[in-house]
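2 protein chains.
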Amino acid sequence: MKNWIIEKTGFDQQEIAANGNRFLCGNGYMGIRGTLEEYGKEQLCAINLAGLYDKVGEGWREPVNAPNPLYTFLCVDGVKYVLPQSETICHEQRLDYRHGLVYRKTVFKTAQGTVTITTEHFAHMEKRHLIGMMYYITSDYDAEVELYTGIDADVWDINGPHYDEVNMNLDENTLVVQAVTHEKKEKVVVAEYGVLNGICEQAYEKSEKKFLRKICFQCRKNKLAYLEKLAVVYTGNDCGDPLEDAKKDLAESVNMGYSFMRKKQIDCWEELWKNSEVEITGDKDAECALNYSLYHLLSIAPFHAKSQSIPARGLSGQTYKGAVFWDTEMFMLDFFLNSHPKAAKALLQYRIDTLPGAQEKARHYGYEGAFYAWESQEGGFDACSDYNVTDVFTGRPMRTYFKDKQVHISAAIVYGIMKYVNRTGDSELLYHGGAETVLECARFYDSLLLQKVHTDVYEIRDVIGPDEYHERVNNNGYTNRMAQYTFEQACILLRQCSKDKRMAEALKEYDIEQIRMRFEDNARKIYIPKPDKEGIVPQFDGYRKLEDTTVEKVRSRLLNEKEYWGGAYGVASDTQIIKQADVVTWMVMFPDDFTAEEKWINWSYYEPRTEHGSSLSACMYSILACSCGKPQEAYPLFLKSAQADLKGGGKEWAGDIYIGGTHPAAAGGAYMTAINGFGGVKIADGQVTAVPQLPESWEKLKFRILYQNQIYEITETKENAEIRKVSCELEEM
Amino acid sequence: MKNWIIEKTGFDQQEIAANGNRFLCGNGYMGIRGTLEEYGKEQLCAINLAGLYDKVGEGWREPVNAPNPLYTFLCVDGVKYVLPQSETICHEQRLDYRHGLVYRKTVFKTAQGTVTITTEHFAHMEKRHLIGMMYYITSDYDAEVELYTGIDADVWDINGPHYDEVNMNLDENTLVVQAVTHEKKEKVVVAEYGVLNGICEQAYEKSEKKFLRKICFQCRKNKLAYLEKLAVVYTGNDCGDPLEDAKKDLAESVNMGYSFMRKKQIDCWEELWKNSEVEITGDKDAECALNYSLYHLLSIAPFHAKSQSIPARGLSGQTYKGAVFWDTEMFMLDFFLNSHPKAAKALLQYRIDTLPGAQEKARHYGYEGAFYAWESQEGGFDACSDYNVTDVFTGRPMRTYFKDKQVHISAAIVYGIMKYVNRTGDSELLYHGGAETVLECARFYDSLLLQKVHTDVYEIRDVIGPDEYHERVNNNGYTNRMAQYTFEQACILLRQCSKDKRMAEALKEYDIEQIRMRFEDNARKIYIPKPDKEGIVPQFDGYRKLEDTTVEKVRSRLLNEKEYWGGAYGVASDTQIIKQADVVTWMVMFPDDFTAEEKWINWSYYEPRTEHGSSLSACMYSILACSCGKPQEAYPLFLKSAQADLKGGGKEWAGDIYIGGTHPAAAGGAYMTAINGFGGVKIADGQVTAVPQLPESWEKLKFRILYQNQIYEITETKENAEIRKVSCELEEM
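Residue numbers (the working numbering), protein chains in the order written: chain A, 1 to 733; chain B, 1 to 733.
Bound conformation, chain A alone (with noise of 0.2 angstroms):
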């Protein structure tokens, strides 16, 4: 397992989705989806491009794949021989998830005998536009193969077609496809040079979409033939002529070879690790499971680029819109903070730079400063429908509050932008906006608030919680307080500004002092809802009113396994059950609030009513249960973070559409359970501390962080934690 790979042998079609997902490679510019090269757009095959959306028609805007530079097949003695149609002898899928690098192996039954492919491919963790892929041929016999191998633009999408042109070119020996999508126009360049056996003499085929190269040659028996390749995608957000620079940069890649290329890869991978390891002694399949989900954290992580976030399902598809959620400053942004600090602040600066778009959603719905997009695409447009789910009864598209109402939004920009500048002491983030968007945000939950006429109690009425089956609800415990350290986060800001010359100047649109009192009393006068009799906090307004009853209860009234629990008549509506970690996510942001006591008969209450229809939702009770000293009782609910994509599962497709993908936000809960949770880590006030709790299998667990420009190692047992300072000096990443 610690030989850090991961496998899946024998072929089995009802696996290709989450192979897809399970065996992604990526380097945060793409995603690579982990399946075969002779696949295509029916077996979801995609290279994920991040940050480029395109819209068709009424259709919901969408990512963008790249024409598929991978695409490879071959044909022995004129019979063409790929998945999932021919027969094998055995199959295997592999990912080398230290190092990004996916291999396949396939033995096809020929009518003579047998044909081998074995590949390799990655996406190139340095040269961002690169991927790379070997893909050998052995045959027990003399075999006459036909091999294709080319670019297939024929893209998987799920609202398209996204490409209004495609245009091929061959240039020299270098095959060059260049497609315009349809909103924008927006140019997208995919060149491609593959040599076999080192030579480069082919023909070439055109057929509509796709632009391949013909070899034909004689496999001798047990002898190797080798395809190698390299490829470069460009668009038109890169850089100003994405076709010039896509054959400048393959050119250079190739000049280097692909040996040259894989090594950089291997180590760029490992320095990457460097910081990333979380190393648990006597649990293999959860050392395994963490690292796996740290390795998936770091294929989409945007190292490469300034301002740029990761969309909730990762680069591994047109699912969920390619859009960025609250996932990422709540879910993601600890590890990167703690490993790649770097990547962090190109999170909260895409934030930052999407400000405009949350002003607009704001005054869109009446309001006053940053509503940010539920579902955030390029300049914050928010992606999200008003009818974000179809009644399965009726066909008919359902009103959803999740745009208009999932109000907490803005305030886990504010908590990301907070915990970044406090982790890492780097208060340019702030200089350069981010200070403004906290006062955007803190405005927004200004104009949200309402007080009953002649008292004195600020409340946010009509939301959605975290919890999206209780629509429309009154004082969201959890939204109120977000918005309280909204306020208090602002007013620290505005404090600064009698002492601080560049906060002054960064702020100085705003009413220092008017503003500063009214944030004040607004975070003084909030409701923030408190322990009721028996200690529970009422989720919402008549939380506690509604039916309780049992998740198996609720399940047992569906008539129809895939109809929605949420909205105005779901199962769960009207009743105690909610879908993800609510009050208890509270609970785990804010520590302080609550005594453990308190937090364990919450804990005790609401998971027993969790469905956990979310994969943000167990390791926010993995966390808050280590917090409460039950490790036991979180070590469940890690695992099922920790193994969201290895083991797959989880709602994978919606009638004929998929909507699976990876999960990054459970890979990054998973993370901050290890080390916050079990590890027990708290990093406040300059210091960093650790009071372990273990759970029973665990007998060391080691990781490293970074806090405040000082690398720390931790190290820690049962018993004891042990901190020490890393005397190297931060690269920068």
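It should be emphasised that the hints constitute simulated quantities derived from the structure, not laboratory data.
Note that the structure is predicted; figures quoted are calculated from it, not measured.
Below, computed lysine-lysine pairings styled on PhoX-like, alpha-carbon distance capped at 25 angstroms:
| no. | chain 1 | residue 1 | chain 2 | residue 2 |
| --- | --- | --- | --- | --- |
| 1 | B | K452 | A | K452 |
| 2 | B | K419 | B | K306 |
| 3 | A | K55 | B | K545 |
| 4 | B | K452 | A | K530 |
| 5 | A | K525 | B | K452 |
| 6 | A | K80 | A | K221 |
| 7 | B | K647 | B | K562 |
| 8 | A | K545 | B | K405 |
| 9 | A | K405 | B | K405 |
| 10 | B | K405 | A | K452 |
| 11 | B | K41 | B | K185 |
| 12 | B | K525 | A | K525 |
| 13 | B | K55 | A | K545 |
| 14 | B | K647 | B | K8 |
| 15 | B | K530 | A | K452 |
| 16 | B | K545 | A | K405 |
| 17 | A | K187 | A | K209 |
| 18 | B | K184 | B | K41 |
| 19 | A | K452 | B | K525 |
| 20 | A | K185 | A | K210 |
| 21 | A | K405 | B | K452 |
| 22 | A | K105 | A | K221 |
Mind docking chain B on chain A? Use the hints.
Chain B only, in chain A's frame:
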């Protein structure tokens, strides 16, 4: 037509339920559905009792029907002749709605010839417990007849059975049935005395729930046989010993005889019509329909009671739970104020007496003051369910908000009380609970008011206005205006305290000065929507951003003709299509809030967007059209209201459940249209004025109204209105 008769000839099984409403008679104590003598609960036979309710298990609470003493059928030569089973030669039902006399004639074809039965019955308008019936039998040959007549205690219910016990006793020649309700063990006693041809020697039969006389005789060719019957109904609601009172009362009536009681009935109705009748020269259809509507109002008015209101479906049966809605104050009250103010007072006394129920409801929802029941039963118990509609697609109950968010109900009570006081000049009602009721309603709205923090505008959010298709809206104009009105009325009473000792005494529990200042502040600052740039008053915040479409288009989207248009996902919910008059109701109630031009712009905007899915809708549009000088546009909507029960139609069945009944609010609305719309009558500041707006066909309109103890007789032509004070003294009705 002006012969005060309506009739239906021929037998049509489909019309049984509609005829039950059409030929209903009543006297405010009870309503007798216009069914045939041989009918039972399957034909929705009912002696519906005002104010007596029962609840069984989880079923809805609903009114209780008395055992039916009209039950009669005959056998000829050993064969039973009853509808709907037997063959008839001719059949007709008739109603003399001048005198509350219901007739039936049926000629049955028998093996040897024909047998004819002719009947009449009435609910006595003076002796409220008394029912009278004559049942004539003739034959065109010598026929052997067995006549069965007595009391049928197998009563119609929707959520019954309501009687736990049914006891039958013969008391001399009187049949006595005593039944006991399930919930409150209330006694219901029916005593019946019937003789054929003046001979009371008979046999008796008891089946499980029927107690019958069996009378065998030869019906000689062309000789009349006649059954004369008197019966009384008493309940524990009326008196301490219903059995004793029933026997005594019946004996008295039997003593005086059927003919004498019938004469009294006619005299009593003639007296009622003196101040009720509306004469319309030139339009017999309208005249008939309108006076027939008034007949229905007179038949269910609480003339006999000090404190009793009228259910939304009158006394026509089990539907709408026999509950009292805002219909009474808003749509029926005007007729009684103008013609029988003592009945009006009883309607309002019911509300004053149910103040504790309203206060309890407010407390239940966390509010102050009085939140009146949406569906009021005895004691102000709110019979409305949180799940008032069944989803036709899933069969599941749908969460509706009629009960908890239709907050405008309390203002309707205030409106009724203040209108009564202003019209009659009788302040006693205020001194005895009325003023307190007004203040408690104002306190309710006070506790609903919200303001955005740091602003000075008061809002009411999350309500349902009169248009029930749009749930949980903010700042419904009608609701806010009614709340403002409530504050204003409360302030009037509070200011009165300084010069009116009895008022000061009535309100001594309040801090007069403090609460007045607070209500004045509320009235000043509450947000009242204004016409937008196009002159349209938005029904609620964001109304005009909803899809603008047509009623027909919305109807075409139905997947099931019985599906609910409103709720969260109804076909109308996200559109501007509304169920019933909403802004227009506001404009009718507060005519001085808008110019005639503004009214007409809004009429023209909203009318095509209104489904008129409630019988309360059409009359509001027709009154407003009149006030804009458009009587022709008003006329078809007026007829629709006036003919609601005459023509039948409307929604009568929801699956297997009967939801029809009479429509007294439509009747009252038609009356208001005639008097205040076409008649242009305004009553204010001691003055009665009239500006005719007669429709084309109306040559003359003549009616009486009472105002502050003075009868005014108003005679109008298209050009002119003559207002004459009638000198006769007001009788004590």
